[in-house]
Every structure is written in structure tokens, then in C-alpha cells.
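Using the hints provided, position chain B relative to the given structure of chain A.
As a plain string of letters, each chain reads:
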Amino acid sequence: MVAQESHAHSAPQGFIRKYVFSLDHKVIGLQYYFLALTAVFVGMALSLLMRIHLIWPMAILPLLGEIKPETYLSLVTMHGTIMVFFVLTTAPQGGFGNYFLPIQIGAPDMAFPVLNMLSFWTTFLAYLVMLAAFFVVGGAPLHGWTGYAPLSALQSAGPGEGLGADLWITSIALFCVASLMGALNFITTTLDMRARGMSMWRMPLTCWSWFITAILGLLAFGVLLSAGILLLMDRNIGTSFFVPLGTVNGQLTGHKGGSPLLWQHLFWFFGHPEVYIAILPGMGVASQVLSTFSRKPIFGYKAMVYAMLSIGLLGFMVWGHHMFMSGMSPYSAFAFSVMTMAIGVPSAIKTFNWLGTLHKGRIRFHSPMLFAIGFVSLFVSGGLSGPFLAQPALDIPLHDTAFVPGHFHLIMGVAAIFGIFAATYYWFPKMFGRMMNERLARIHFFFTLIGTYAVFMPMHYLGLAGQPRRYSQLTELKYLHPLLPLNTFMTYAAIITVAAQLIFLFNLFWSMFKGPKASDNPWEATTLEWTTATPPPHDNFAGRTPVVNNGPYEYSVPGAPRDYVMQTDPATVAAH
Amino acid sequence: MASFTPTVPAHHPTTSRGKRADLPPVAGGGDGGRPDPGSPDYGGRLRRARLGMAVALTPIAMLFVAFTSAYIVRQGLPTFDPNTNKVVHDWIPVPLPTILFLINTCVLLLSSVTIEFARRQLARQVALEPVQSIPGVSLGRERKFPWLALTIVLGFSFLGGQWLAWSDLAERGFYVATGPSSSFVYLLTGTHAVHLFGGIIALLVAGLSVVLNRPLPSRRIVVDVTAWYWHFMALLWIYILALLEFAH
Numbered sequence: 123m124v125a126q127e128s129h130a131h132s133a134p135q136g137f138i139r140k141y142v143f144s145l146d147h148k149v150i151g152l153q154y155y156f157l158a159l160t161a162v163f164v165g166m167a168l169s170l171l172m173r174i175h176l177i178w179p180m181a182i183l184p185l186l187g188e189i190k191p192e193t194y195l196s197l198v199t200m201h202g203t204i205m206v207f208f209v210l211t212t213a214p215q216g217g218f219g220n221y222f223l224p225i226q227i228g229a230p231d232m233a234f235p236v237l238n239m240l241s242f243w244t245t246f247l248a249y250l251v252m253l254a255a256f257f258v259v260g261g262a263p264l265h266g267w268t269g270y271a272p273l274s275a276l277q278s279a280g281p282g283e284g285l286g287a288d289l290w291i292t293s294i295a296l297f298c299v300a301s302l303m304g305a306l307n308f309i310t311t312t313l314d315m316r317a318r319g320m321s322m323w324r325m326p327l328t329c330w331s332w333f334i335t336a337i338l339g340l341l342a343f344g345v346l347l348s349a350g351i352l353l354l355m356d357r358n359i360g361t362s363f364f365v366p367l368g369t370v371n372g373q374l375t376g377h378k379g380g381s382p383l384l385w386q387h388l389f390w391f392f393g394h395p396e397v398y399i400a401i402l403p404g405m406g407v408a409s410q411v412l413s414t415f416s417r418k419p420i421f422g423y424k425a426m427v428y429a430m431l432s433i434g435l436l437g438f439m440v441w442g443h444h445m446f447m448s449g450m451s452p453y454s455a456f457a458f459s460v461m462t463m464a465i466g467v468p469s470a471i472k473t474f475n476w477l478g479t480l481h482k483g484r485i486r487f488h489s490p491m492l493f494a495i496g497f498v499s500l501f502v503s504g505g506l507s508g509p510f511l512a513q514p515a516l517d518i519p520l521h522d523t524a525f526v527p528g529h530f531h532l533i534m535g536v537a538a539i540f541g542i543f544a545a546t547y548y549w550f551p552k553m554f555g556r557m558m559n560e561r562l563a564r565i566h567f568f569f570t571l572i573g574t575y576a577v578f579m580p581m582h583y584l585g586l587a588g589q590p591r592r593y594s595q596l597t598e599l600k601y602l603h604p605l606l607p608l609n610t611f612m613t614y615a616a617i618i619t620v621a622a623q624l625i626f627l628f629n630l631f632w633s634m635f636k637g638p639k640a641s642d643n644p645w646e647a648t649t650l651e652w653t654t655a656t657p658p659p660h661d662n663f664a665g666r667t668p669v670v671n672n673g674p675y676e677y678s679v680p681g682a683p684r685d686y687v688m689q690t691d692p693a694t695v696a697a698h
Numbered sequence: 022m023a024s025f026t027p028t029v030p031a032h033h034p035t036t037s038r039g040k041r042a043d044l045p046p047v048a049g050g051g052d053g054g055r056p057d058p059g060s061p062d063y064g065g066r067l068r069r070a071r072l073g074m075a076v077a078l079t080p081i082a083m084l085f086v087a088f089t090s091a092y093i094v095r096q097g098l099p100t101f102d103p104n105t106n107k108v109v110h111d112w113i114p115v116p117l118p119t120i121l122f123l124i125n126t127c128v129l130l131l132s133s134v135t136i137e138f139a140r141r142q143l144a145r146q147v148a149l150e151p152v153q154s155i156p157g158v159s160l161g162r163e164r165k166f167p168w169l170a171l172t173i174v175l176g177f178s179f180l181g182g183q184w185l186a187w188s189d190l191a192e193r194g195f196y197v198a199t200g201p202s203s204s205f206v207y208l209l210t211g212t213h214a215v216h217l218f219g220g221i222i223a224l225l226v227a228g229l230s231v232v233l234n235r236p237l238p239s240r241r242i243v244v245d246v247t248a249w250y251w252h253f254m255a256l257l258w259i260y261i262l263a264l265l266e267f268a269h
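If you read the sequences in order, they're chains A and B. Under our numbering, the first sequence has 492 at position 370, and the numbering climbs by one with no breaks. Under our numbering, the second sequence has 113 at position 92, and the numbering climbs by one with no breaks.
Don't take every hint at face value.
Stated by the list, open to error - A few chain B residues that don't get close to chain A, going by computed Cβ distances all over 10 Å:
#1 R68
#2 F88
#3 F101
#4 D111
#5 V158
#6 A170
#7 P201
#8 L208
#9 N234
To be verified - Facing chain A, from chain B, some residues (calculated, C-beta under 10 Å):
#10 R69
#11 G73
#12 A77
#13 F85
#14 V86
#15 A91
#16 L98
#17 T105
#18 V109
#19 H110
#20 P114
#21 L117
#22 W187
#23 T212
Unchecked claim - Sample of chain B residues with no beta-carbon within 12 Å of chain A, all distances over it, derived:
#24 R71
#25 F122
#26 V134
#27 G182
#28 L225
#29 F253
These are calculated hints, taken from the structure and not from any lab test. The C-beta atom is built at its ideal place from N, Cα and C for all residues, glycine as well.
So that you can see chain A by itself, here it is in the shape it has in the complex (with noise of 0.2 Å):
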């Protein structure tokens, strides 16, 4: 035993246990974080290739030929699946979270080293398993990432219901348990791996999401698990949990009496804190950068995480939102709406607590602080069509448009995708100890910032045109012809969108290997993980154990020599 060993795995030698098969968090991280980095771009493409069939239906596509409609929701489904599973799920919380959650309290590992391993593993087999539906005879599922019933229950019901639906039920399942696996050991970790002097209060408010982000999917994806091992003992066993009495292609189905609401309940259940699991973590990194790059504390720092705190509570009890349209009495549906737009007010809450960060503050223009920035208006933007949604008397006639794509892909994809890209430009220094370039930071986040306005804006004004989602045709409906020039300019805008990805993805390599190398606090920033090395050692600290004296957010403290406090630093000046 060495003497100074005070991490639970000591550093391991080989190439398989070092970068493949690693106990590390951070290498688990950077795992997640490149699983995710491979998703995006497949799941980028195949909304490319809705786009150019939306305008150009008759138009040869490479490897799929011409789009039938039943490949048109093939690309919806896989579209929605991959982005909201493998991308929205899988990088802010498994990544950054597993990167940086224990760093951030002072812990040399998570609690559960082996565990967070499993984790990584049982998504990546999720994963493989998600794509093979692509390969197999019928090609992927049509019933989009709700899998509704009893669309989805059936293996008669179309191309792709068959084996395409059961791999991907199987990779939801998988995917479940992975996240479960990782919910239990970012829980237990932020609850006893915190370094002394590290409370609660004083955890930056990255763990703050992180640690509520895991709550939400501790409750949330064993609700998942359970419907989809009934759609599974439906489609294979000949159960009737949500297919009831009915024919598909004149036959009947030997189903009867089950009920497809009950999928859809069991399933928002799990799929309404699934947005705030996407979306949170963004939060955490959103207000850890404006707070940095202000270079003033977080404007009210409690109010923050109890607005978190109650927007997870809150989005347990709003699922029903999702299904004013399929059905619903009055009442639940006025019970629903008004607790999906009492939600508002702690989004409102962190809104305006960014904006009080950012006012007088000294702000210095990185690439991180300005897709903080396009966080929150993207939030802002996306956030307000929300209570339009949350209410039944708008929601029956916008709910099969354009205008709830809209809306969502504002708030929890593509402000998400800004958290993500806050959170790389921000870390990138700290993980791979090199600067990315600024310049191409900065031409990167300005044509995705009016891109994705400009791809997502205007599916608002379709949807209150008339456009319906996930047709595969919009040429042939007479009343849409008006829309055309705004259809083609959002393909166009996406196209040119998808291209500026190249650039961040160029930026990214290119800086990890000849990148200026960074010191190990370029951001001057006081979190714990800018007090150690750049990249960190194996136990994240060199065998020191921080001690921690200050809050998380000590910027232009009066007084102190610097305009900002460590959270290691003495207490001189801190108490407040």
C-alpha cells in the first residue's frame, strides 16, 4: 500500500483500462461526451434530410433513394430518439456531470467507480443497439421518440414496427437502466463525496443541477422502464396492456381492452421531467459562466436552487399537458395547465437572476459567456410559447402543427445544445489543458445562434398557418403552397446551420492538439476545479484533500486582492 494513496483505484497502466474500460470519471465523461458528439452529428443529419424532403419531396436522396412516407417517420423517430436520448441526456449529465461533479465538490472519483463504468457501457450498447435499428429488414420505427400505442405495440402495424421497434424499445430499456445506474451515483456521490467545508450551500450551482438532474431521473426513467417492458410483453407475448379491440390491415389483432392513454400517461410521466433532465444541467453551467465572466456572484444564489428544486417538483406534476389532445376531462386538463404555467415562475426567476448577474457587471465577451448569453435567450424565446401550450383552449388547435416543434426545439433542444457548447468552450481548457480558438469560437456561435433562430422562429408562424408535424408531404396540400419560400428558407438556414457545426467540430480537434496550452485558471474562476492541475491527475488533486472556506461565486469581493476569492481560499473576506 502506498502511503500517500488516497484515491479508491489507483491510476491504471494499460491503454484497455486507461481510455476503454476506465474507472476514472473523467475518462467516463470524455466517453459520454464523445458518445454524444458522434449522436448529434447522425442525428443532425437526419434532420437534414427531413428538411430537404420537406421542400424537395420528389428529390433522390444518397443511401435512402427517394423518402416514402414511412421513411419520412423513420427520420422523425430516429431524429427524436437519438437527440433527446443519446445527445440532450447524455451530454450535459453524463459528460460535464461526470467530469466535473466530483472535481467541483473536492472527491478524488464518484462513489461508485465500477458503477459509473457499467453506466457508460449499458448506454454505448443502448446506443449500438438504437442504430442497428436502421440496419434491420423493415428499417427503423415509425411512432416517433413517444412511441405511442398502439402504433408502437404492434409489429403488423407497419414497416419498421417489426424487429426495427423492438430494438428500439430494447435501447430505451438499456437506456434506462444506464441512467438509472448513473442517477444513483451522482446522488450518492454529491451527498457523501463532498470535500470538507464543501455544503451544500456552498456547491457551485453546476452540482446544484446535476445533483437535482439525477433526482429527477431516479424517479423518472423507472416509470419508462416499467411501460416499456409492458409495450414489450405486448408486442411479443400477446398482453393487452395498451392495444385494444381493433383491426390493422382488415385483421384483427387478438388484443383487446387495453388502453393507449395508459401508454401515453406512464410515458409523460417519465417524458416531462425528461425535458427538465435536458435542460438543468444547462442551467448549472448558464449560471456558473455568467457568474464568471460578469465577474459578480450569482445574482440571488438560493432563489436559483429553489427555483431548480421546484421546476423538477413542479415537472412531475404537469405530464398531462402533453395529452389535451388525446382525450381528457376538463378538469384534469385545467388541473394541468395550471401547474405547467405555475412553472413559469422559477423559470422567470432564474431568468431574471441571469439578468441581475449580467447587470453592471464587468463582462468579459469569451465564447463561453456568449453562448451563456444565447442560452438565455434562447430559453427566454423558447420559454414563451410555453404558456401559450399550457393551455387547453390553444393547445387542441397548435398541437399537430409546427408550432410545438417550434417551441420545443427552442427551449430544450437548442438551448440545451447552447448549454452544451457554454459548458465545452468553458472546460475545454481544464480537460484537454489547451485553449481552443476564439475566433473560431465566435464566427461558430453567431451563425448558430441566428441559424437555429432562424430554422425555429418561423415553425412558430407555420403552425399558426396550419402546418401539421411529421407530414411527409406539405407540397400537395394546396392551403400550405403559401409557405413554401418560408419552408425552403428554414432548409436553407438549417443546411448552412449544420455546416457551422463543422467549425466547432474542427475548433475542438484542432485545439485539443495544437491549441495554446492553458494555465490552470484561464478563466480566473473560483471553483474547485480550477484550483488543480490542467488536465486534472487521476485522483483529481495529487493526493491534497481541498478545503474549502468560501461560496462558490466570490467575484469582485471588496477588499480582496484579486476580483476574485477561491473557494479555497483563506476566509478573510468572505463572510457576507
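Okay, now just chain B, sitting in the frame of chain A:
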């Protein structure tokens, strides 16, 4: 009558590694999970393992909460009968093998008791291990009843009993897909059985670590958290049985 007077006070004051002894101004953090240099931190590992198990039981509870809500919703749903063109209720309660289920319940509760003995036996062994290593100290003959092995046997007996219950149902013509009611009987008991089997595997691993000569405290951690899991499984089984018996 010489009475043994301890020269060491029974309650040691906590050392400087105690949680609140010498913390910086605002305290409240953990100790970063760091062991003392040079010794594996079994206390911290046990604490984390117990916390982790408590957290892990939450999604299992959520899984069964979801099944329960589906059970209750599905029970009340009418279905359309094409032969009579009427809306009917197709929920036919399954005649449960109640006697068999009660026997199984007894077996499971007994196993919950034996695993508790196994847990305490190991905790005691771990506590006494340093004393026993002092030369000349003997604690007398410890009776080492194989509680762990007995629990594994009882666990398998419970699963065997469940198998009998399923075959009994199948003999009377109630299969998984026969009706909504029978689907739920198999679903709930089956999912519970899978979870209990997981517990048995954990106990087998703990038993195997005797053979593999793994350190005693590490085996104790496995048995300790599995015991809590096992008690939870016993409670869960009683809940499932009550649900099936009284809400059908």
C-alpha cells in the same frame, strides 16, 4: 470476586477525523470519501454503499408504483365486445393459489430473518477481527451458523414456490396473455422474482468471496446492503400479494 475493571473509557472521544472536530468555519461537508492514508476505508465504503442502496430502492419502488397505477387503471377500463356490440368489462379475476402464496410468504419472511442474522454475524465478526488478532486473546468458540447459506437456500425455495404457483395458474388455464388480470399477476410476481434473483446473486457473490478469501469487511458490505435490499423485497412481496388479493 475480582471484577474486571476497564482501564480504557468505554466511549472513546472522536478523533480529529470526526466530522465536526476541527472543521473550517462553516462546516457541513463530508470528508471527501478519503480514507486514512494506507488503510482501505471500509467505514466510508459501507456508509456509501448503504446510501447508494437506499437511493437504488427508489427507482425499484417507482417501477412498481407505475405497475400499480397501470393495474388500477386497466382494471376499470371497459372494452368493446364485437359479438354483442356492447361495452363490457373484460377483467376476470384470477383465482390465485392463495395457500401456496402464503407458504411462499412465510419462506420469504423467514429468509428475511436469516439474512438479518447473517448481516449481524458478519458485523460482529468484523468488529471482533482486530481483537482476535491480538496474541493470546480468545473469544471462546464462536458458533458460526451458516446463515448466509440458509438465506440462499430459502431464497431459491421462494423462487421455486413461485414457479409452482405459476404452473398452478397455467394448469388452470391462466397464461400471461389470457386476460388483463392474469397478465398483471405474472407481471408483478415475475418482476419481483427477477429482483429477488438479483439479491440471491449478490449473496452468492458474498459466499464466493469466502472461497476467494476476500477481506472480511468487504464481504460484510455486500451482505449488509443485500440484507436491506432483501428486507425491501419481502415488504414489496407483501404489498404485491395484498394488491393481488384485495384489489382484484
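The hints, checked one at a time:
1. R68: violated, 7 Å
2. F88: violated, 6 Å
3. F101: violated, 5 Å
4. D111: At roughly 4 Å from the nearest Cβ of chain A, D111 (chain B) sits no farther out than 10 Å, so the non-interface label is violated.
5. V158: Holds: least Cβ distance 25 Å, greater than 10 Å.
6. A170: holds, 26 Å
7. P201: At roughly 6 Å from the nearest Cβ of chain A, P201 (chain B) sits no farther out than 10 Å, so the non-interface label is violated.
8. L208: violated, 7 Å
9. N234: Check passes; 18 Å lies beyond 10 Å.
10. R69: holds, 5 Å
11. G73: holds, 5 Å
12. A77: holds, 5 Å
13. F85: holds, 8 Å
14. V86: holds, 8 Å
15. A91: Given a least distance of 6 Å, the restraint on A91 (chain B) holds.
16. L98: With a closest approach of 5 Å, the L98 (chain B) hint holds.
17. T105: violated, 12 Å
18. V109: Nearest chain A Cβ about 9 Å off; hint holds.
19. H110: holds, 9 Å
20. P114: Because about 15 Å separates P114 (chain B) from the closest Cβ in chain A, which is outside the 10 Å limit, the hint is violated.
21. L117: At 18 Å from the nearest chain A Cβ, L117 (chain B) fails the 10 Å test, so the hint is violated.
22. W187: Where the cut-off is 10 Å and the nearest Cβ of chain A is about 14 Å from W187 (chain B), the hint is violated.
23. T212: Hint holds; T212 (chain B) Cβ to chain A Cβ min 7 Å, cut 10 Å.
24. R71: At roughly 10 Å from the nearest Cβ of chain A, R71 (chain B) sits no farther out than 12 Å, so the non-interface label is violated.
25. F122: At roughly 21 Å from the nearest Cβ of chain A, F122 (chain B) sits farther out than 12 Å, so the non-interface label holds.
26. V134: Answer for V134 (chain B): holds, closest chain A Cβ roughly 28 Å.
27. G182: holds, 23 Å
28. L225: Correct as stated: the minimum Cβ-Cβ distance to chain A is 18 Å, above 12 Å.
29. F253: F253 (chain B) is indeed farther than 12 Å from all Cβ atoms of chain A, at 14 Å.
Hint compliance for this structure: hints 1, 2, 3, 4, 7, 8, 17, 20, 21, 22, 24 are broken, all remaining hints hold.
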